[in-house]
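J.: Reassemble the complex: the two chains are provided individually, in unrelated frames, and hints are given to aid placement.
Top line first, the protein sequences correspond to chains A and B.
Anchor point for the first sequence: position 368 equals 368 in the working numbering, and the numbering is continuous, going up by one each time.
Anchor point for the second sequence: position 151 equals 151 in the working numbering, and the numbering is continuous, going up by one each time.
By construction, these hints were calculated from the structure, which means they are not laboratory data.
Take these hints with a grain of salt, some might be off.
Sample of chain A residues with no beta-carbon within 12 Å of chain B, all distances over it, derived [said to hold, decoys possible]:
hint	residue
1	W77
2	I96
3	V125
4	K285
5	N404
6	A420
One-sided and incomplete, this derived list gives chain B residues near chain A with beta-carbon spacing under 10 Å [to be verified]:
hint	residue
7	N5
8	G137
9	Y317
Covered stretches of chain B (in silico footprint by chain A; criterion: 3 or more residues with CB under 8 Å from a CB of chain A, positions within the stretch not fixed) [as the list claims (entries may be wrong)]:
hint	segment
10	88-95
11	193-204
Here the structure is a predicted model, which means the values were calculated and not measured.
The beta carbon of each residue, even a glycine, is placed where N, CA and C say it ideally should be.
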Amino acid sequence: MSGREYKPSDYPLPYVTENLRDWPIYKLTEHKEDFVAEVKLRVKEKIKARFNSEKLLREELAKVLYQERIRLTEKPWKADPKDERTFWNSIKSKLIQIEQIEDNSPINEEHLLEEIIDRYTNEIVGEFDPGAFSFARAILPQFFGRILAAAPGKWFKTIAGNVRTIHEKIPLTGDIEKIRNLSAKGTVIVVPTHFSNMDSIMVGWLLNEMGLPAFTYGAGLNLFSIGLLSYFMSRLGAYKVDRRKKNTVYLETLKMYSTVAIQRGAHSIFFPGGTRSRSGHIDRKLKLGLLGTALETQKLHYKNFTEETAPKIYVVPCIINYHFVLEAQSLINDYLKETGKERFYKENDEYSTSFKLIRFMLKFFSASSSLSVSFGEVMDVLGNKVDEEGNSYNHLGQKINVKNYFVTNGELKDDEQRDAEYTKILGERIVDNYYRYNVVLTSHLICFTLFELIKKKYKGYDLFTLLRTPAEDVSLPYAEVVDAVSRVKERLKEMQEQGEVLISPELRWNIDKIIEHGMKNINLYHTASPLTKNGEFMGSEDLKLLYYYHNRLDGYGLEKYI
Amino acid sequence: MSKVNPVGVIGAGSFGAAIANLLAENGPVLLYERNVETKEQMKRERKVRGFDLHSNIQLADSLEQVASSCYLIFPAVPSQFFKSMIIDFSPYLRPDHIMIHTTKGLHCEFDIDTADAKTIRLKDIKTMSELILQETGIVRVGSIAGPNLALELMEKQPAATVVASRFDEVIREGIAALKSERFRVYGTREILGIELTGVLKNYVALASGAMSGLGYGENVRAMLITRGMAEMIYIGHALGANKRSFLGMAGVGDLIATCSSPKSRNYAVGYRIAKGEKLPEILASLGEVAEGIRTLKIGKLIVDHTGVSAPLLQIIYKVVFEELPMEQAVKLLMRYPVTADAEYLDL
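So that you can see chain B by itself, here it is in the shape it has in the complex (with noise of 0.2 Å):
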């Protein structure tokens, strides 16, 4: 009998935290935490984020400590940080490892805030997957992504994600690491549509929290998800992506429950940018990262570069960076000519 290996998390924010607590209801977890005021607070309290720590948790000294000592690795790091982070770790990685990141963002070669989306070349916009492969020696790389609030999966509810390699290997891999009475793991080789679904979301739920910040209901909630899902496809299709992942669990599953949820942070900026406050007020006071506000950023430089029709994702983004006032972005999105129904079907 070989001695059962750790798994390794990188990263105790709210979803790597979550995550390792679910692994470790299957066995014991490596967690590194850059931070060290807060990574010797959680060896002190036994305690993240308010809730208890899993007794088969224990804390990383080092990225070092985490290579030598894990096969698998699940990386849960924002995605501005994630190149810095596995830059760092690369040199300790080897090809036995086995690397399933957890964030929905995507990284740029250059400054997204002063891109020009005309010069910009595509191949410089990376899925943290495509960062590892480019970071590291790992091959097996895989991606998870479903509807899995980070506080929810604290509470220990019952809930469903996907996990997509090319690797078969990795599929099977994570499902057993991650897979427990409460938590379903479905598996697939599409990984880019797995990544390109999580990140876009973001920016519909943004929307989303919007039209409830304005007094909206559920009517207007479905319309918004419905076509937010359709704009979600052709921009993932136009990234060299198949429409099934954004039809399944991580993609309309994400998208109806980041679109729901005041708990998810994209939904949450989105509600206080509609009840007139400002956006650095809201981000400083947030104290996490806002991926949507990078996905925001990266899909308009992306569907401006490409020429792909994005009406939502060019009116939030008015609303947020412009002041677009929301009651005009509303009539805008109301006034934009319809399709035939369903017709991203045809893709």
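Chain A with its partners taken away, still in its complex shape (with noise of 0.2 Å):
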């Protein structure tokens, strides 16, 4: 338990660190010659090392080179470079020229990869610019003042424990002082849900209401095709991403970029469901690889101070709940078209424009909603407990040395299997996380029960069947689903006593009112409404949605109490 608890009129926290120039991020950004000239080095080092001889190298770059071509003619973005077409023609022909003439050729196996890691590098990069963030800081709390004014109930005491409450207008919960401690001792890496396009804007902005420095970030290489958030993001320590690149030295340069920033005392934020979730799930199979990065950087510490000296880094799972999503229709549509099919998810170029971004944007603003944000544990690298101190203890309070997680025979040692499966349990620890942590709303719990509701009285179809049936056709009695959120919201309570979930003030509410808040919140936004009541009867205009809000609370077993 942290020393003190922060009070709504506290927000924003006085930053840890006041001067921005002392910021990690802005060092980076300083030395980002050095910094970029690290990344290129090491992960060219380190892929040579894999493919350890010149043609084994060559064949890879051959596969690079056939992946990009693919992707220029199947998935091309407005966000990509003009010159595209022509730098990887200019590849093909020197690879073709390497293998022809070999011994004799000018440019070898090697140079061709610098070539190909600087492209990737140098449109990876991001910054962080003081004055900028000043700007952003200044604009940021009205844009979302405007979104949570009218957010209803307050987030006083939920449980006793070391849940906080936060900000009248901010339903924040978790150990802010905590992280803000260990912000000043280590290198925080906040891993959040992801649920919306909005994620990592609320994010970053719930960070600085903390008072902790900026965080770096990877977004989406088409978002950086909006002018206006082009502009912000490239300045306010965000680095791109692009998904379409499945190449080994894209995915390496990617994580040594992250490994670098890190290493080098950036706080990240790290999206370890990798896309927003498709079905409104909550994360169950994480995206390791960038995840690793943490991982390997605080090994990498291990080696490079003394055991009193290595940073620490700290791993902290953070919940988003949205009563809605924008983009929930796009999204459970494309679950749905995908389920069944083994194909990577297309990743769609919703906001390609600056004006689809700012009638986004209107919608989110107009539709002023509630949401909640949590933070779970402080973790370290392996998903151990973490204290005020930064000391982390296992599963049963024994106090241990991270360190010793890579030790074999007494010595620090090197092991990429190992550490993948070390990845593997931080990955664990975060999901379970996401699950005790998860803040269930008024609206979650109305569309889970109604839903499970409309399943159990057509037993018989299937979900696409069920899925399909007209809106019209399916109702049930107000009075079944009052007994039913009833029955619910008690197991919830009972789950929330075991530290299995959390549970909005408002769940604390008569039923009626429960209900009526849910809908009202999850009901602003969308056109065809998901929950309606008529009369004595309940219904949905948009069963998808209806279930996309539904998944939000699968995987608790709460379906027995239906």
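T.: Take a look at the structure:
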């Protein structure tokens, strides 16, 4: 438990580090050339070590070229630079040249590798501009203030223990003071759930409200095609991630960028789910690649520093819940289209113009609704709990030295397979936190219950048939819904006592009010209401949306209480 | 050069002693025995169970000493005592320890004599590696299993085993510590399968002993081994294990060894039951633990809970605990409907 709690009026909290120029992310920008050079060099060495003969490296480069050429024809984006095709054509001819004249060629595989790494690194790299930051800081509160202003209900004490109440307008729970303290002692990596494109802006802003230095994070390359957003993101520490590029050289460059940034102390945000949750489920399967860089960096710190001085990396899960998700409709449609097919998601370029973005933002503003952001346990890179001082404790409460995880026979050893297994363990702990620190909102409770009741009523239907049933045919007596909501709510209360989930304060109200609150909030935005009530019956105008919001509470075994 | 740390062995039972002697051929070993008298006697006579204690073996005074001197530790403690041992050991263990257990048994968080198959939870049945993870801060855990009759290992006969762990590093360390000119060591990441096959074979061995007790020969044994293995695969599958491990050295390999050898305790128990002796007398005279009896009880709970078809287990259970005559048991087994041959490969 931390020393102090914060009252709503305390926000925004004073910065842990006052001078922006002392922030790790600013230092990264200040030494940008040096930083970028280190990334390039280290990623080259890593790839050379992995493909350790000219032939292997050449084959791998050919593979990269092949994948990139497919991407160019099949998934072109507006954000792509104009010279993409020229660049890859030149790589192609050079590769052919090397293959044909081998030893007599003035260029070799390594030169080509360097060229590709150069291009990728220059694309990825972001920076931090204190001027732009100060400007954004001045306007963002108004921006978010609008969204949150009408948030019904106050987030005062929820549960005893380390849940804290914050800001009248920001429903923020978690051990804020501990996160602040540890941000000064080591490097913090926030790992949020991912439901909406708003997430990164939302989390970035909240971390700022908490008085933490700016965080660096990977943002989808497609978002950078929007003029205004691009201007700010590229100056506020965001680096570019292109999820279409799945080749080894790109992925290794991206991971190295993150590793070196963390190694230089930059607090980071990772979305370990990778892309936004299509189905509305809390992520269960995490993408471990980027997460692994946290572990890798911790190991490097133990190599480069003495045991006492090695900086520590702290991982903090973060669960964001909106009453409604702006992209819900397109996400769930994607999900239903892709289910059962083994294909990569097509990364939609949904907000490719400033006009679309502004329309999107306007809707968000005008449909002011409450949301909740909850921080889970502060952990080390293996998912062990960490105390106020940054000491790690295992599940038995025994104090442990994290360095020992990397020690074999008394010596610090590298082992990729071991570290990948460790990252899986960290991933499991993060997912566990996602479930336990998820705050159940009224709208999610109602959607879950109603959809489960409908499922029960149409027992013989498979999911797809059920979702295609005309919405007007599907309705249930209000009294039946009230009964079921009441049972699920009681179960959720028990689960909160057991530390298995958190519930929003509104869930303490009586059932009629809960249903009213949930309906009001979720229906603010969607044109077809996921929840409807006509006289003594409840139904839905859009079963797919109902299913999407229902999924947020899937995985808790609540079906049994329907 | 860093100094060579000894490898730790916990328990000087017949298998612990055999494994300690094997490890000692490659370097120093620190052996811990809980029973002070046994330990002192070993110290004095440098003998263990009638065999010479390798000169590289030193006897440890405490678990703490093992934890502080060794990075690699092999516990060789019967499953029923494993939990209390590991809890005592836990305060001294760190994440840089690697632990490879040798116990072919399961731990239950409930009383196996009174539990109701309907209400048990499968997660309360734990393999030894799961128990280590639960009760200590060690993460790098492994298991060894294989056709390794302790007596034959002590006699320095050639043999082979499998080291299993989700960590390649643990497999490598295990192989390096154990392998020798007379001991082949295989590796796999399928630790659950390796642990379960080592456990489940116990009751098949017991059945095999019983068949021999009745005077049956090799045809019966071969039939029993083959179908016993199929049954083990089904039970393992229900618990989440891959069939692969059951077909390897620790599966079919161990099964053949224990089902054919009077040196196997489980086999001996079955043999004596078929000869008309009562279970309590047998257990009393055995002196050591026959994991097969526990396996039968736990296995019965598992198959009743999951609904897995396991006729051999069900019938042998009746023979051992409900005094079903062996002749009757054989008739029941022979009458059981046949499946397609080797149908378990399609699982």
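J.: Look at each hint and say if it fits the structure.
T.: These are the hints, each one checked on the structure:
1. W77: 39 Å, holds
2. I96: Since the minimum Cβ distance to chain B is about 39 Å, I96(A) lies beyond 12 Å and the statement holds.
3. V125: Non-interface label on V125(A) holds, nearest chain B Cβ at 35 Å vs cutoff 12 Å.
4. K285: The claim stands: K285(A) keeps its Cβ more than 12 Å from every Cβ of chain B (closest is about 18 Å).
5. N404: 4 Å, violated
6. A420: Non-interface label on A420(A) violated, nearest chain B Cβ at 10 Å vs cutoff 12 Å.
7. N5: 7 Å, holds
8. G137: With Cβ-Cβ at 4 Å, under 10 Å, it holds.
9. Y317: Violated, because the Cβ-Cβ distance from Y317(B) to chain A comes to roughly 33 Å (cut-off 10 Å).
10. 88-95: With 4 residues in contact (Cβ-Cβ under 8 Å with chain A), the coverage given for the segment 88-95 of chain B holds.
11. 193-204: Violated: only 0 residues of the segment 193-204 of chain B have a Cβ under 8 Å from chain A.
Hint violations for this structure: numbers 5, 6, 9 and 11, all remaining hints satisfied.
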